[in-house]
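Dock chain B against the given chain A, drawing on the hints supplied.
Chains as they are written, first to last, in numbering that gives the first Met the number 0: chain A, 0 to 129; chain B, 0 to 129.
Think of the hints as simulated: they come from the structure by calculation, not from any bench.
Given the structure is predicted, the values throughout are model-derived calculations rather than measurements.
Each residue gets a CB set at the ideal place from its N, CA and C atoms; glycine is no exception.
Wrong hints could be hidden among the right ones.
[To be verified] Restraint ranges, calculated between C-beta atoms of paired labels, are given here: (1) V8/A <-> Q78/B: 40 to 48 Å; (2) S76/B <-> D17/A: 29 to 37 Å; (3) D74/A <-> Q77/B: 45 to 53 Å; (4) L79/B <-> D74/A: 45 to 53 Å; (5) R98/A <-> Q72/B: 19 to 27 Å; (6) F47/A <-> N113/B: 16 to 24 Å; (7) E105/A <-> P71/B: 32 to 40 Å; (8) A112/A <-> Q46/B: 26 to 34 Å.
[Stated by the list, open to error] Residues from chain B that face chain A, not an exhaustive set, calculated with beta carbons under 8 Å: (9) R10; (10) W55; (11) P91; (12) D115.
Protein chains: 2
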Amino acid sequence: MQSQIHEFVVRPIGYVLDEKDPAEAPPEVKVVEILPGFARGLEGIEQFSSLWILYWLHQLPEETRSVLMVHPQGDRSQQLRGVFSTHSPLRPNPIGLSRVRLLKREGNLLYLANLDAHPGSPILDIKSGQ
Amino acid sequence: MQSQIHEFVVRPIGYVLDEKDPAEAPPEVKVVEILPGFARGLEGIEQFSSLWILYWLHQLPEETRSVLMVHPQGDRSQQLRGVFSTHSPLRPNPIGLSRVRLLKREGNLLYLANLDAHPGSPILDIKSGQ
Numbered sequence: 000m001q002s003q004i005h006e007f008v009v010r011p012i013g014y015v016l017d018e019k020d021p022a023e024a025p026p027e028v029k030v031v032e033i034l035p036g037f038a039r040g041l042e043g044i045e046q047f048s049s050l051w052i053l054y055w056l057h058q059l060p061e062e063t064r065s066v067l068m069v070h071p072q073g074d075r076s077q078q079l080r081g082v083f084s085t086h087s088p089l090r091p092n093p094i095g096l097s098r099v100r101l102l103k104r105e106g107n108l109l110y111l112a113n114l115d116a117h118p119g120s121p122i123l124d125i126k127s128g129q
Numbered sequence: 000m001q002s003q004i005h006e007f008v009v010r011p012i013g014y015v016l017d018e019k020d021p022a023e024a025p026p027e028v029k030v031v032e033i034l035p036g037f038a039r040g041l042e043g044i045e046q047f048s049s050l051w052i053l054y055w056l057h058q059l060p061e062e063t064r065s066v067l068m069v070h071p072q073g074d075r076s077q078q079l080r081g082v083f084s085t086h087s088p089l090r091p092n093p094i095g096l097s098r099v100r101l102l103k104r105e106g107n108l109l110y111l112a113n114l115d116a117h118p119g120s121p122i123l124d125i126k127s128g129q
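Extracted from the complex, chain A is given alone in its bound form (with noise of 0.2 Å):
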């Protein structure tokens, strides 16, 4: 294997919400804000019903992305499995992956469905379409 980069640098380029902010959103709904830098990107993305999100899983320690074998769903009465092969979060890189459904966009606020990102829950990237 020839020499290679060994980090890349991921920023937000927005965040999830507060469940309460904004205090209209019904609770299943969870609501992004989309940073002012970077809300241009989201021109034209109305005409799609879903989306995927990455986020950061930003809730967990450091020392959980050396974690390479869990019990499936935390099930100790299940094998241990490895990290790949599993929905845990504990994984090197800790990043979320939803396909959501778009219900709204009200300038750089997305409202979602089926976002499994807790709020403050740093997103890194929006993609459509496929």
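Same frame as chain A, now just chain B:
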């Protein structure tokens, strides 16, 4: 919006091999080599026929990360659109996402169909079963 961490570091867990290596793979098949330190994370992955692969778009110069509007498919007859509503590889966090078929695993080598990544691309994560 509360105070936040503004960058995170991701590290390759493996790489897409050059097309001729190993020589016996047919051209539409891409081979990913997972680094020995992460190989245990693959345990149990054989039970999945489809996987999500997250990879780093390593061939793009750093300045393409500031591009927020593109002509879809590079077609200048189409109106400029925000990168989050296109498939463009130009995006603030150049992470690629492919839904692949797992054809075979040989130790820390994965033989994959439908992987869009170029040879040499760093692999960031593998997700299964969603």
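**Q.** Indices of hints not satisfied (ascending)
**A.** Hints 1, 2, 7 and 12 are the ones this structure does not satisfy, whereas the remaining hints hold.
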